[in-house]
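Chemist: Here are the chains, one letter per residue:
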Amino acid sequence: MRSFTYERARTPAEAASAVATMRGAKFLAGGTNLLDLMKLEIEAPSHLVDVQDLDFGEIADTDDGGIRIGAMVSNTMLSAHPRVRRDYAVLTRAIQAGASGQLRNKATTAGNLLQRTRCSYFYDTNMPCNKRRPGDGCSAIGGSSRQLGVIGISDSCIATYPGDMAVAMRVLDAVVETVTPDGSTRSIPIADFHRLWGDTPQEETVLERGELITAVTLPRPRGGKHFYHKVRDRRSYAFALVSVAAVIQDDQTGQVAFGGVAPKPWRVPEAEELLPQGAAAVVSRAFAEARPTDQNKFKIPLAERTLAGIIADARS
Amino acid sequence: MEFNAPAGQNLFDRAKIVGKSTPRIDGPLKVTGTAPYAAERHGVAANQAYGWIVGSAIAKGRIRSMDLDAARRAPGVIAIVAATEHEPVGTSDYNYAPLFGGNEVSHYHQAIAVVVAETFEQARSAAGLIGTEYDRVDGSFDLASSKDGAPLASEGGSDFAKLGKFEEAFAAAPVKVDETYTTPDESHAMMEPFATIAAWDGPDLTLWTSNQMIHWGKQAMASILGMPEENVRVDSPFIGGGFGGKLFVRADAVMAALGAKAANRPVKIAMQRPLMFNNGTHRHATIQRLRIGAERDGRITAIAHQNWSGNITQKEGENGTLQTPKLYAGANRLIENRIAQLDLPEGNAMRAPGEAAGHLALEVAMDELAEKLAMDPVELRILNDASGTVPGDPDTKISDRHLVRCLREGAERFGWSKRNAVPGQQRDGRWLTGMGVAAGYRAGPTTKSAARVRMSADGHVTVETDMTDIGTGSYTIIAQTAAETMGLPLESVTVKLGDSSFPVSSGSGGQWGAASSTAGVYAACVNLRRMIGEKLNFDADAANFADGRATLDNQSWRIADAGELTADGEMNYGDFKDGYDVGTYAGHFAEVRVDAYTGETHVTRMLAVCDAGRILNPLSARSQVIGGMVMAAGATLMEDLHVDKRFGFFVNHDLAGYEVPVHADIPHQECIFLDTLDPVISPMKAKGVGELGICGPGAAVANAIYNAIGVRVREYPVTLDKYLDRLPPAA
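Protein sequences, first through last, are from chains A and B. The numbering of the first sequence is our numbering, which starts it at 1 and goes up by one. The numbering of the second sequence is our numbering, which starts it at 1 and goes up by one.
Just chain A, same shape as in the assembly:
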């Protein structure tokens, strides 16, 4: 870990401005990912702007019948919130499928959206990695790739976005609210939040330098049955091989997103329209452009089978 300086921001504007103006500065929220990466020198910020004192800790109803989740709301609080459990159960299920109780107590809503990949080569600073050192090459390609991406990836990087919460938010059409260093705000649909990085895998989201997440809003509940099935090699405390978030209505229509397969929660609207035709139709459309490795090609039939199980449960 490199030495760094530290401050606790008092206002969102102050926080955004501090990170925008100081070279190498980063926001610190729960720290469950950033501090680990700093210990390994995968991240080496010169300055941390701690946002924990900002007034982002509430979950509130919105005028249109949805909810607004403050950026600092912990995973534990969000997953246990009565309205989330009642109206957005897919989100509760996704969050509780991730990490451990202790980590969920610390992890924040905004921080979880920014969780970085768990690719083993990204984590080993001896190994070439375009995400850590742009232009360095990707050692995961041709290496150990069982856990890695099958679609939306590139010749520069085959990593995945590893989280669960965002996969559920994707089927709920969440919107990420931010404040920029000049004080303006913007609303970013979660579909656009994570980038398909192409040959710039170091740029994982559309956030600008110094842009601070203030909240995530969920639109009015869409009813239906909510599912989150996370398939992994052990029953807890493991990243997904494949996860499927789905909201299924009585008429078999609905929304579906896949985790553990791409640089972002993977949802393809044209594929989703095929839900009444069954899992095979949805997955073959959603993964039509897939470029898996020998080690991870199983993820595509696994995605199909997992979705088939959800559809069967929805019908029963």
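By construction, these hints were calculated from the structure, which means they are not laboratory data. Where hints are given, some of them may not hold.
Under 7 Å between C-beta atoms, here's a sample of chain B residues computed to sit facing chain A [to be verified]: (1) Gly-61; (2) Asp-644; (3) Asn-652; (4) Leu-655; (5) Pro-667; (6) Gln-669.
Heads up, simulated DSBU-like pairs for lysine-lysine below, C-alpha to C-alpha not over 35 Å straight-line [what the hints assert, rightly or not]: (7) A:Lys-297 x A:Lys-225; (8) B:Lys-165 x B:Lys-261; (9) B:Lys-30 x A:Lys-39; (10) B:Lys-496 x B:Lys-20; (11) A:Lys-39 x B:Lys-261; (12) B:Lys-315 x B:Lys-577; (13) B:Lys-645 x B:Lys-315; (14) A:Lys-297 x B:Lys-261; (15) A:Lys-106 x A:Lys-39; (16) A:Lys-297 x B:Lys-372; (17) A:Lys-39 x B:Lys-645; (18) B:Lys-645 x B:Lys-147; (19) B:Lys-722 x B:Lys-418; (20) B:Lys-147 x A:Lys-297; (21) B:Lys-448 x B:Lys-685; (22) B:Lys-20 x B:Lys-722; (23) A:Lys-297 x B:Lys-685; (24) A:Lys-106 x B:Lys-30; (25) B:Lys-722 x A:Lys-225; (26) A:Lys-26 x A:Lys-106.
Backbone N, C-alpha and C define an ideal beta-carbon position, used for all residues, glycine too.
Fit chain B to the known structure of chain A by using the hints.
Modeler: Positioned in the frame of chain A, the structure of chain B alone reads:
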């Protein structure tokens, strides 16, 4: 004391303390966080500095240069010991790759420097400033492509054995299995990392460390640093898991000693988790071919087990064949154990080395044979049980064996009769369910072990031995043994372990620790009884010791009246044991359910019925067996060091990437001990169980998965990607 013949009736046959479930006497220290583990021993040496080990970034080659200037100028740095400025350290009998090897790099994450600083954070930060240039050379990293032409690990012994005419008998057998199984490299992944505080006092070096084998550690450290053994002290009273990874001193101890010398200060190192997997040792991957031929009635006529593994100096591989000569009858036999040269990190002992991996092949092959015979797999094993002498070595007698009882009682308790012999047929909603069985064999060795017992004026007894408690319960069984032998309540015994200034014990490894160390304590206590008898003038060997008194012929003495006394003792074993195979046996049962959609496997129940002679403390022995069962389930379901065959290292080198079972994976376990006694092993008639629990349950889980889904996976771990496309229709 010499143990030259099988034990007759003795005081342990009427024991009141030995053999009774007894909570750990060190339990209160552990649950209150006051048991001092190596890295927490802040008080043992003043002015401790912190060391951070730098690991090699390449698997094989040479260090061209190391730029140390920036690191040396970094805040708080006291000293740096770097490969380019230091001679390679010596070797010992206990490690194959040098722990600090100068400019030559022999495996990934081999230690190439230690940075010593005032704080942990300063040491870590400075280490990141070292710039190292390498000349990388190609290495051999792939077992499958290196195995052809690999030589026998040694001539004869357990590495090559023939009996009868295997080829002819196998060719003639009406029913046969010929399959190849692979097991991956595995990591001990113990909770407590390698950790040492090292301090020099003139020529004397003290290591407060975490180590299973204190005397080996003392010898190895002297050899590695080129110093007299008597100048080395090793102290390791508590160990947070070892599983064989801590049988030997490792880079933490060596680099702490070198760092302390350079810094002229005590130095503490707790190895960073990401270095543990490639810097330390691991269980070697294996390729195992099993050929078993049988008559139509199930009697085995031919059995061959060939095993390949690899290691850095082509020594000491993973010998998966070890249990095969012991478990099943059959007149025509072949054993071959071959070893390839690999440039991966050093493979070495991990819990039940050889047998743990061997059962994953043999016991699945037996399941495959049972299916071909249309026989129940429990009955097949019982039909081919051995009695009298070892099947693969007819000159050797079996000391005491109740495998059939283990299997029969296990089948009864587990509800084995409810198993559907046709695989892929049992459904519970979306789940496919199945049951599996495996037999288990693990040797029950003993080795000489010494102890010292001191009696104080008030009759309190303190035991001192360099035996270790690696979480197994050694403190408690040693206290039970001393209390029983001296006729004292458990509270009147104190146990001190793990210090090389104490008499040399067996140490903890190979499941020999419980049997050996308690026999040594018994020997010392017998000597103390005799000293008391001499002092108070009675024949201690004839007297009965109970309630703090010795009684003989209507006379009675209070033993404390003998005053302060100290007795040493050692148990040695005579040649008579060479004629015996002393083994431990188990019947293992598992039930699983497999999601017909996703292929996820959940273990729902596990049972082990164990035959291991007298069980000294059923409470802690159970803990050992169920721990082994967890590890065995892990080996079957998930544990897998991924080898990068280009760069030559284990890629998933942290606890996020290397998955071991979590609580949710292991919902229900049961362990039953048969009430057997083995008079050949020691006066205690007790055998260890620390490794029996990992020999067989993994195969039982694999067989249960097959029974559930009807797909046989012979490449461990049995993960869903290997059978997903062959699952029965989900609905």
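Chemist: Each hint needs a verdict: does it hold in this structure or not?
Modeler: Consistency of the hints with the structure:
no., hint, result
1, Gly-61, "13 Å, violated"
2, Asp-644, "5 Å, holds"
3, Asn-652, "5 Å, holds"
4, Leu-655, "9 Å, violated"
5, Pro-667, "9 Å, violated"
6, Gln-669, "15 Å, violated"
7, A:Lys-297 x A:Lys-225, "29 Å, holds"
8, B:Lys-165 x B:Lys-261, "61 Å, violated"
9, B:Lys-30 x A:Lys-39, "29 Å, holds"
10, B:Lys-496 x B:Lys-20, "21 Å, holds"
11, A:Lys-39 x B:Lys-261, "27 Å, holds"
12, B:Lys-315 x B:Lys-577, "27 Å, holds"
13, B:Lys-645 x B:Lys-315, "21 Å, holds"
14, A:Lys-297 x B:Lys-261, "53 Å, violated"
15, A:Lys-106 x A:Lys-39, "18 Å, holds"
16, A:Lys-297 x B:Lys-372, "33 Å, holds"
17, A:Lys-39 x B:Lys-645, "27 Å, holds"
18, B:Lys-645 x B:Lys-147, "15 Å, holds"
19, B:Lys-722 x B:Lys-418, "27 Å, holds"
20, B:Lys-147 x A:Lys-297, "28 Å, holds"
21, B:Lys-448 x B:Lys-685, "15 Å, holds"
22, B:Lys-20 x B:Lys-722, "45 Å, violated"
23, A:Lys-297 x B:Lys-685, "54 Å, violated"
24, A:Lys-106 x B:Lys-30, "27 Å, holds"
25, B:Lys-722 x A:Lys-225, "31 Å, holds"
26, A:Lys-26 x A:Lys-106, "18 Å, holds"
This entry does not satisfy hints 1, 4, 5, 6, 8, 14, 22 and 23, going by the numbered hints stated previously.
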